[in-house]
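Trainee: Residue strings, one per chain:
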Amino acid sequence: MSEALIPAGAVVAVAATGRQKLYRRVLKNPMAVVSLVILALVVLSAVFAGQITGWDPGRADLNDALAPPFGEHLLGADASGRDVLARLFFGARVSLIGALIALATALAIGIPTGLIAGYFQGWFDSLSSWFASLLMAMPGLIVVLALISVIGPGMVGVMVTFGALLSPGVFRLTRSGVVSVRRELYIDAAKVSGLSDYRIISRHVLGVIRAPLVIQASMIAGIAIVLQAGLEFLGVGDSSTASWGQMLSEAFSNIYVAPTMILWPGLIIGLTVGSLAIFGAALRDTVQGAEPVRRVRRRKPSSVEDTATRRLDLSTAATAAVVSPRNGGQEDLEPNDALLVVRDLQVGYPQPDGSTTIVVDGVSLHVDRGEVLGLVGESGSGKSQTAFSILGLLPDTGAIIGGSISFAGRTIASADGAAHGAAALRGRQFGYIPQEPMSNLDPSFTLGFQLVEPMRQILGLSRPAAKAKALELLDRVGIADPRRTFDAYPHEVSGGMAQRVLIAGAVACDPELLIADEPTTALDVTVQAEVLDLLRGLQRERSMGMIMVTHNFGVLADICDRVAVMQAGRLVEQADALELFDDPHNPYTRMLLSSTLENTEPRSARSAQPVSSRGTAR
Amino acid sequence: MTDVASVAEQPLLTISGLEVEFPVKGWRRAPFKALKGVSLDILPGETMGLVGESGSGKTTIGRAVLGLAPITGGSITFDGRDTTRLSRAARRALSADIQVVFQDPYTSLNPAMTIGDILAEPLLTSGIARVAARDRIRELLDLVNLPSDAADRLPREFSGGQRQRVAIARALALRPRLVVCDEPVSALDLSTQARVLDLFIDIQEKTGVAYLFVSHDLSVVRHISHRVAVMYRGEIVETGDAATVTGAPEHPYTQRLLMAAPVPHPTRQAARRSERHALLASQQVSDAARETVR
Amino acid sequence: MAIFLLRRLGAAVVLVFVIATMTFLLMSMTGGDPARNILGDGATVEQVAAKSAELGLDQPLAVRYVDWLGAAITGDFGRSWFTNEPVMTSLANKFPVSLSVVVTAILVTALLSAVLGVTAAVKRGWIDRFVQMFAVLGFALPNFWVALILVTVFAVNLKILPATGFVPFATDPVRWLLGLILPVGALVVGTIASTAQQVRGATIDVLRQDYVRTLRSRGISHRSLLFRHVLRNAAPPALTVLSLQFVGLLGGAIIIEKIFALPGIGSLAVNATLQGDLPQILGLVVVMVVLVVIVNLVIDLLTGWLNPKARVS
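Chains as they are written, first to last, in my numbering: chain A, 19 to 636; chain B, 9 to 302; chain C, 77 to 389.
Since the hints were derived computationally from the structure, they do not count as laboratory data.
On a predicted model such as this, the values are computed, not experimentally measured, just so you know.
Watch out, some of these pointers could steer you wrong.
[Said to hold, decoys possible] Distance windows between CB atoms, simulated:
#, chain 1, residue 1, chain 2, residue 2, range
1, C, 118, A, 140, 55 to 65 Å
2, A, 140, C, 136, 47 to 57 Å
3, A, 426, B, 157, 35 to 45 Å
4, C, 137, A, 140, 25 to 35 Å
5, A, 560, B, 156, 31 to 41 Å
Backbone N, C-alpha and C fix where the C-beta goes; we use that ideal spot for every residue, glycine too.
Please put together the full structure from these sequences, using the hints given.
Mentor: As structure tokens, this is what we get:
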């Protein structure tokens, strides 16, 4: 009786899909169609059982006892001489009606309670959640057995009880779905628009949990069929009508005489329940395969997933990206002792339809020892993808499909995949600072452990030596109480602190190249200033090369020696920082720079007074 | 505050001594005080910028005005009416006057509804006929510079900036007199951000709506606000004319905030950085001095 | 951690108490006359009345409840109405058999699911498709039917494993183990199918986390990444599923025991049910719930130990 059949993620993902479209897409899934056809056949055979077989399932004829299949009886007859096929078809009625009763009960209990608990929370939520875990701790079969001794073996009562015992699954699913939707801003917007709770639930909440509920319902129907068959097999069910479980029980008593008799009821149970499961799985795949809701965290302009799903129209990108003359001469700019050289890098994501979405297209750049290169662009420009290509940490679905990357004169990555140098350099020569401090620390380990582990593996330090070095690093990155932070778990520190710890981790094994992917974007502006000071200090004292990926021109101006501007996967301009800010050549760079609000007059100075006349409004 | 306009006109919204507490999970834990007695007023047609760092309580003020935060003290008056604790029904009546644009254009629109349905929702709820609603939707899409065929499409077909335009259109649907803007441009790309800000200003000049504009970004607030309030740990530490607060602030925290924002030019940023270091040093000195006096 | 433990313990005691009370009330409030059932239709009215008095059934419900509860707390569930054997004695005889099956099944499930699920998540390819297909198959085939097939193949046709019987571990460990192979095999098909699927999902989720990428950027070895970081973070959801499986297995064992003629709680439960043997059923339910609660408690503690955040909330 497992309830947790649906991953929680499914609930949220459905939100992205329109309803009609979803069901149409499900019908395109061959697995879903096959399972639906099988289910339809089972239902039809149950409804027209009499007409199809022509045998009375209860008519016993001892002359026909254990008659072999494919004779007068298509699937043979049982020990009492009753037609097996007829009993299978009539048994389907019991199973299907029973499953329906259990399902209806589970939904009738689970959905309303889940909606109320999830939407209004408070005491009802605590009480019903507690009651759900109570029901889940009950050994279902024993409870039903106990109940049968009280109310008798009637099918309806038994299946209602099963439904009640299975309802916590529906309750939890509904509740968690509602809770996750409730946090969505569009619910707040609906409240502000004056919608009543009833309309919010019916319009905004139910639509989201519908698909997961259908999946859960198919599972519950399957479980109910199996449970019911189990009870009948034990001989405590209703014995007056033919049923699958009863047939199995009788086959079991004749197992040494006619072993094939156990085959048919088992197969039809398997087929029915399997179809339900496959339908559920197909629906889940359709839902999860849908474009996921793009979740934007605070001030987050890009992430790997975003750019991966973005389909770039390269023809327009090419015309838009007017490559400035400076970029053309970059090969000449490239000094011989460059730390990192990227040549004509192309990164692509192969699509199911055979095409490839190119997210980085022909990017060439270099970083010298002790130099800070800024990589700037808007979301989808491919700047993070370029950084991850250098680190060798592109998602599994993406790959370098053109160009090469070399570090200290050695090729570490190329399109043919011959060079896998990045893996050996990570942690040793490459340090990486991520954007979101919290999600980049393993929540199950102390901060200290996460600092010590790479130092022991890579530098081969002993545990005390590594700890001493970690404490030293924590002190260097400006943490007031290194010892306490060392023993703390990620959820116990603030975002700014977590980012300092991540910076400490990035430089722990003395890398020569630091790659920082929007390292201050998730931080408050005062913390950002401190972190920039810290990064500048570390970079200078260790004379590391550094790539600073950012969308913020202020950050760029603060720390970068040279700047490369990216647009739609291409590099449009590359220049010394001062030169770029003073005299941007590329129109896109100029547009970006003019979008910064830095030099605009404050509004109060522009228009001395607010607009006091209400005009035509209202 | 000695503005000519503020003397002449009654404030549209007055917040005085507002306190908000959030219960903390766990047994017998003291609730978290998000706002500790905040006072603020907004004139008709005015933009009041509200700036502060994460956790300063700036978003909570906006939510309290919208009736989405648990108010434990103080009062909110809108157009002379006390709206501190309203029933759901009374709050619904107020929804025509006070609206909202949220930060995240990806979760503030129901992904399963078309743009037309999203815009129709507040209209139909307030009892406007379907035909009239359709006209109004066309008007609104035009106002926020979206094509009129946008109504039949789903949010996921639009970029972040376009979605935010939809959210703005929804907020304006009932011709509100105040819109609470909760970081409405911070999830947008730089170039989009500038265009959406100009849209906000344009709409204000056309309709005379007032904004409570919440942002962490001093330069954004400076661009759009007539007056600015600075929040720090649940309190307003400085209020005043936007040019003054964002140009020559008095409160040490606002000074730190201003100096921390990097300037998009290498030499000027280097100058700003040393200014900031000097400021921090002087503030530390004065802090130390205050400590010794005590 | 101590507070976390105490709170979970307190909740567990309340849970057992509530379920016991509910079961008692439900079973005591039925219309039938237990004394008449026990003595049969031939008994006189006086005999029935005497039996009622003997069983304490003439007392008010509240008194009977308090009496039963008072005794139950000390571990005395009374005597069976039909065999007159102390309930505790019959439970003590039967439970070791059922627990042999269920505990072995849960251990096998945990081990194989972890291996299958993690491999499927990391390697993908054919093993991933196998785990997915197996999940549907294991869900669709009732475990008692699988048991019947196993009996037919291995016991009836091949005759390499015993079809019936139970040998206590103390008597002969080898025959104990041989006797367990088929029942446990039948039970674990379904549990492995769904647990492996959950482990796979949880592992894939963890592999997608930002911190895994960051750990890789630090040059952490693949093995340490997988076995230390990924497994630890993927374990809590898998453990939750395992605790649900335990509840399901207790029920499944009842049916399986009938097929393999194992002298466990299965036959006891069925007989007590058919006869309406109140003390026997009550004892059975309470002991089962206590077992479930203990397993849940262990898994809660394990989760709390694995995930520092869970300890706080």
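Trainee: Can you give the numbers of the hints that this structure goes against, from lowest to highest?
Mentor: 2, 3, 5
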